[in-house]
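Once you have looked at the hints, place chain B on chain A.
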Amino acid sequence: MTFLSPLIMIALIAVVSYLSQINNDKKRTISVLDETGYLTDIFESTENTTYLKLNGLNLKDAKEIVKEKEDYGLLHIAKVSAVEEINDNIKFYSEEAPSLTVISGLERKIEKKLREIKLQEDGVSLEQIEASKIYIDISQESFEGEKSSKIDNVVKLAFGGIAGYLLFMFIIIYGNMIMRSVIEEKTSRIIEVIISSVKPIQLMMGKIIGTSLAGVTQFAIWVVLGGVLLVIVSAIFGIDMAQVNTPQQEIVNQAMTGQNADQAQAMAENILTAISNLPMTNLVIAFILFFVGGYLLYSSLYAAIGAAVDNETDTQQFMLPILMPLILAVYVGVFTVIEDPHGTVSTVFSFIPLTSPVVMLMRIPFGVPLWQQGLSLLLLVGTFILAVWFAAKIYRVGILMYGKKASYKELFKWLKY
Amino acid sequence: MSHLLVAESVSKNFGEFRALNKVSIAVPKGSIFGLLGPNGAGKTTLIRIINQITMPDDGKVFLDGQPLRPEHIKDIGYLPEERGLYKSMKVGEQALYLAQLKGMPKSEAKSRLKYWFDKLEIGDWWNKKIQELSKGQAQKIQFIVTVLHRPKLLIFDEPFSGFDPINANLIKDEILKLREEGATVIFSTHRMESVEELCDHIALIHKSNKILDGKLNDIKYKFKTNTFEVGLQSINSQEVLSDIKKSFEVLPATFKNLHDDIKLNIKIDDKTSPNDLLSFLTSKAEVHHFVEVIPTANDIFIQTVQSN
Numbered sequence: 001m002t003f004l005s006p007l008i009m010i011a012l013i014a015v016v017s018y019l020s021q022i023n024n025d026k027k028r029t030i031s032v033l034d035e036t037g038y039l040t041d042i043f044e045s046t047e048n049t050t051y052l053k054l055n056g057l058n059l060k061d062a063k064e065i066v067k068e069k070e071d072y073g074l075l076h077i078a079k080v081s082a083v084e085e086i087n088d089n090i091k092f093y094s095e096e097a098p099s100l101t102v103i104s105g106l107e108r109k110i111e112k113k114l115r116e117i118k119l120q121e122d123g124v125s126l127e128q129i130e131a132s133k134i135y136i137d138i139s140q141e142s143f144e145g146e147k148s149s150k151i152d153n154v155v156k157l158a159f160g161g162i163a164g165y166l167l168f169m170f171i172i173i174y175g176n177m178i179m180r181s182v183i184e185e186k187t188s189r190i191i192e193v194i195i196s197s198v199k200p201i202q203l204m205m206g207k208i209i210g211t212s213l214a215g216v217t218q219f220a221i222w223v224v225l226g227g228v229l230l231v232i233v234s235a236i237f238g239i240d241m242a243q244v245n246t247p248q249q250e251i252v253n254q255a256m257t258g259q260n261a262d263q264a265q266a267m268a269e270n271i272l273t274a275i276s277n278l279p280m281t282n283l284v285i286a287f288i289l290f291f292v293g294g295y296l297l298y299s300s301l302y303a304a305i306g307a308a309v310d311n312e313t314d315t316q317q318f319m320l321p322i323l324m325p326l327i328l329a330v331y332v333g334v335f336t337v338i339e340d341p342h343g344t345v346s347t348v349f350s351f352i353p354l355t356s357p358v359v360m361l362m363r364i365p366f367g368v369p370l371w372q373q374g375l376s377l378l379l380l381v382g383t384f385i386l387a388v389w390f391a392a393k394i395y396r397v398g399i400l401m402y403g404k405k406a407s408y409k410e411l412f413k414w415l416k417y
Numbered sequence: 001m002s003h004l005l006v007a008e009s010v011s012k013n014f015g016e017f018r019a020l021n022k023v024s025i026a027v028p029k030g031s032i033f034g035l036l037g038p039n040g041a042g043k044t045t046l047i048r049i050i051n052q053i054t055m056p057d058d059g060k061v062f063l064d065g066q067p068l069r070p071e072h073i074k075d076i077g078y079l080p081e082e083r084g085l086y087k088s089m090k091v092g093e094q095a096l097y098l099a100q101l102k103g104m105p106k107s108e109a110k111s112r113l114k115y116w117f118d119k120l121e122i123g124d125w126w127n128k129k130i131q132e133l134s135k136g137q138a139q140k141i142q143f144i145v146t147v148l149h150r151p152k153l154l155i156f157d158e159p160f161s162g163f164d165p166i167n168a169n170l171i172k173d174e175i176l177k178l179r180e181e182g183a184t185v186i187f188s189t190h191r192m193e194s195v196e197e198l199c200d201h202i203a204l205i206h207k208s209n210k211i212l213d214g215k216l217n218d219i220k221y222k223f224k225t226n227t228f229e230v231g232l233q234s235i236n237s238q239e240v241l242s243d244i245k246k247s248f249e250v251l252p253a254t255f256k257n258l259h260d261d262i263k264l265n266i267k268i269d270d271k272t273s274p275n276d277l278l279s280f281l282t283s284k285a286e287v288h289h290f291v292e293v294i295p296t297a298n299d300i301f302i303q304t305v306q307s308n
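Same order as they appear, the protein sequences are chains A and B.
If you read the first sequence in this note's numbering, its first letter stands for residue 1, the second for the next number, and so on.
If you read the second sequence in this note's numbering, its first letter stands for residue 1, the second for the next number, and so on.
Just chain A, with the same shape it has in the complex (with noise of 0.2 Å):
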């Protein structure tokens, strides 16, 4: 499964990408039934759609032919007095429902054409129009003199998103396995055997490590295979990654032709300048730190929630309070720390030990006083400890109980035991 999985994702991706690339390689024939005049130039063929004008076809001769032809659809504009009016006057025909990509790209086209012609009635010259299309980006500079810029916090909150959102994962991943492997050495009653060899508390411990050591090998592997995996296969099958669009990426460029390439070539050069920028061994030493504290904290108590049950079924009621605080993290780490990476509510969420591994870390790249850093670490492992002290109670305890539904009560009990 180690190394199936990234082949299987390869796959996908390759797969998604083929899939697009046939539904957008379908030629599409749009019939325009233009009565205003307005619109009949900017119906232009392209690739995969030709644009087919009839001219001086009622509305009812043109669906007939539209529909005998099968084209894709027919575009009706009815004749009007005003400009103002078209929307009123237009209409889409077609034998099914037609996408929304095709439907967007024509309102798009419209609406352009038509502004054009509105302020072109009102005085306006095209040369005025095409001038009149002015790009701002406000560079920003702190009172040290430390360039930024837009490009800057995205790529600070990709590199906090990314790291926090691993860790979320990771420890959603690994500490349901751990809690699975505990709860199957209860089940196959194997743990009676282990522990008359090992004290519980070194059998948990090397459970966490264990699975986590594997968990990082794992990750490992993926990376790597899927990084050589995708290059083969987009060389083999010739996709281009990189244009794998969505409909609404599609939209999006069509609307941005124009600014394109050397837009995009600064644009990289930002998004290098901004990398460079970051507090890289800040943020390493952190990521490690925090990881390592986030993960064996939240595994600890998977730990003890497999020990306290007898099969899968049960664990929910206990996975509800692991599951808020990791969930409650990745919500403010997302939505607050985004829109104000030093404000209150970021802040005191950094330091509360069960969201602080994942908040912190998408602070981080923002800045973070290091003393700030320290305490939440402090605060972290000080809880960390706890929880291991509390788990290993509760796992010398569950591990040996069979049959016996754990409530909260129960737990309670087993800890003065």
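Calculated from the structure, these hints are not laboratory results.
Among these hints, one or two may not hold up.
[Unchecked claim] Pairs of lysine-lysine residues, derived as DSS-like cross-links and limited to a Cα-Cα distance of at most 30 Å, are as follows:
1. B:177 <-> B:29
2. B:22 <-> A:393
3. B:114 <-> A:199
4. B:207 <-> A:393
5. B:60 <-> A:413
6. A:199 <-> A:416
7. B:87 <-> A:199
8. B:119 <-> B:152
9. B:215 <-> A:199
10. A:199 <-> B:222
11. B:87 <-> A:393
12. B:172 <-> B:129
13. B:207 <-> A:409
Everything numeric in this text was worked out from a predicted model, so none of it was measured.
Below, chain B without anything else, positioned relative to chain A:
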């Protein structure tokens, strides 16, 4: 006689519940020691304390004269009642892993395993997964894993459950052989016939207290009721029967014999010797069967538990 394992006044509470109340046992070296008791009496708790799985609240346990230490785990082999193996792991791999957990070097564990696998004729299982084996087959592996590291003290909790009679016998013989080689065995079971067969000493735990212990023979002697099982033949059996009933306390008996008319359990008082009874009987009828009724472990168990 020196003792391998001594538990001194061991107590354990689980919350409000007292699982063991000042229980003391002494297991002589080289003996097979039966730890008996009804379900929920506290046997498993005591065994877990000996295995250092649970810590006692009070009292001490000594192995070979020394207070129990973590290093002692390699001197103990424990086959729990709730037992199992990793289902998707291969037999050989798993046995090696468990042996190494008990502190055996890998190479030694491997050669010992080979020896045991050959002995129990399961050499070709090495690369099978546990889930491919039957329950009895898995139990064999479990048994090997328990005894592999040559522990001084072996603790078997219901060792024969899951075995067919042939394999149960095989395991029984192995247990006896291990004892001959110097191991001491604590044996916990509800099957009184195997207690009868195997145990030299027993201790009976009931409702968290030890209510009986000692050598099995001594206990049996203490529990004997001076009752004799008798088979007689006579032409006028009715008359003989009434004569006996006049002089002795008589109960009906059932046993297999060729041609007895009269089958009886006859109880004598302390003043009468078995010889007196026998000469009385020979004067009345032909004696075909004359055996002292020895209380079985089963009788002793039921009697003791019910009277407490």
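Tested hints:
no. : hint            : result
1   : B:177 <-> B:29  : 15 Å, holds
2   : B:22 <-> A:393  : 25 Å, holds
3   : B:114 <-> A:199 : 28 Å, holds
4   : B:207 <-> A:393 : 26 Å, holds
5   : B:60 <-> A:413  : 25 Å, holds
6   : A:199 <-> A:416 : 18 Å, holds
7   : B:87 <-> A:199  : 22 Å, holds
8   : B:119 <-> B:152 : 21 Å, holds
9   : B:215 <-> A:199 : 34 Å, violated
10  : A:199 <-> B:222 : 43 Å, violated
11  : B:87 <-> A:393  : 27 Å, holds
12  : B:172 <-> B:129 : 26 Å, holds
13  : B:207 <-> A:409 : 26 Å, holds
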